[in-house]
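The sequence shown begins at 7 in this note's numbering and counts up one residue at a time.
The set of hints was computed from the structure by calculation and includes no laboratory data.
One thing to keep in mind: the hints can contain errors.
What the hints assert, rightly or not - Quick list of in silico lysine to aspartate or glutamate cross-link-like pairs, EDC-like style, CA-CA up to 16 Å:
{"no.": "1", "residue 1": "K46", "residue 2": "D21"}
{"no.": "2", "residue 1": "K46", "residue 2": "D58"}
{"no.": "3", "residue 1": "K14", "residue 2": "E80"}
Stated by the list, open to error - So the derived label-pair ranges between C-beta atoms look like this:
{"no.": "4", "residue 1": "C10", "residue 2": "G70", "range": "28 to 38 Å"}
{"no.": "5", "residue 1": "R34", "residue 2": "G70", "range": "13 to 23 Å"}
{"no.": "6", "residue 1": "A11", "residue 2": "G70", "range": "27 to 37 Å"}
Idealized CB from N, CA, C, for every residue including glycine.
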Amino acid sequence: YDNCAVSKYLVPISDNGGYPYIVSTSARSIEEAERRIMNKLTNEWDLEVPADWDDFCDNAFESGYYIGDIRDVEEF
């Protein structure tokens with residue numbers, strides 16, 4: 007862990023027609039960030055456990071949640 011830099015990742019979300027908002031997490035890779043966000047929102051939204059990020063986005067969409075692209079804050 008000492009050699010791995012931690013970055014902040016952001017993902018825009020809109021739920022059930024509400025105003026969009028940003029969810030953020032700190033992680034050592036985009037894959038870790040995706041896992042953290044999936045775990046948090048799967049529980050919060052009571053969704054089925056997804057196989058991967060695309061499955062998570064599809065499940066969320068079917069439940070009325072819209073998930074944008076996850077980005078490293080350094081991209082801005």
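Checking one constraint from the list: CA of K46 to CA of D58, max 16 Å. Satisfied?
Measuring from Cα to Cα gives roughly 14 Å; hence the hint holds.
Distance restraint evaluation - R34, G70, Cβ atoms, bounds 13 to 23 Å
violated (31 Å)
Within 27 to 37 Å: is that where the Cβ-Cβ distance between A11 and G70 falls?
holds (36 Å)
For the pair C10 and G70, does the Cβ-Cβ distance stay inside 28 to 38 Å?
holds (36 Å)
Is the Cα-Cα distance between K46 and D21 16 Å or less?
holds (15 Å)
Starting from K14, check that the Cα of E80 is at most 16 Å away, please.
The given pair, whose Cα atoms are some 8 Å apart, holds under the 16 Å limit.
In this structure, only the earlier hint numbered 5 is contradicted, and the remaining ones agree with it.
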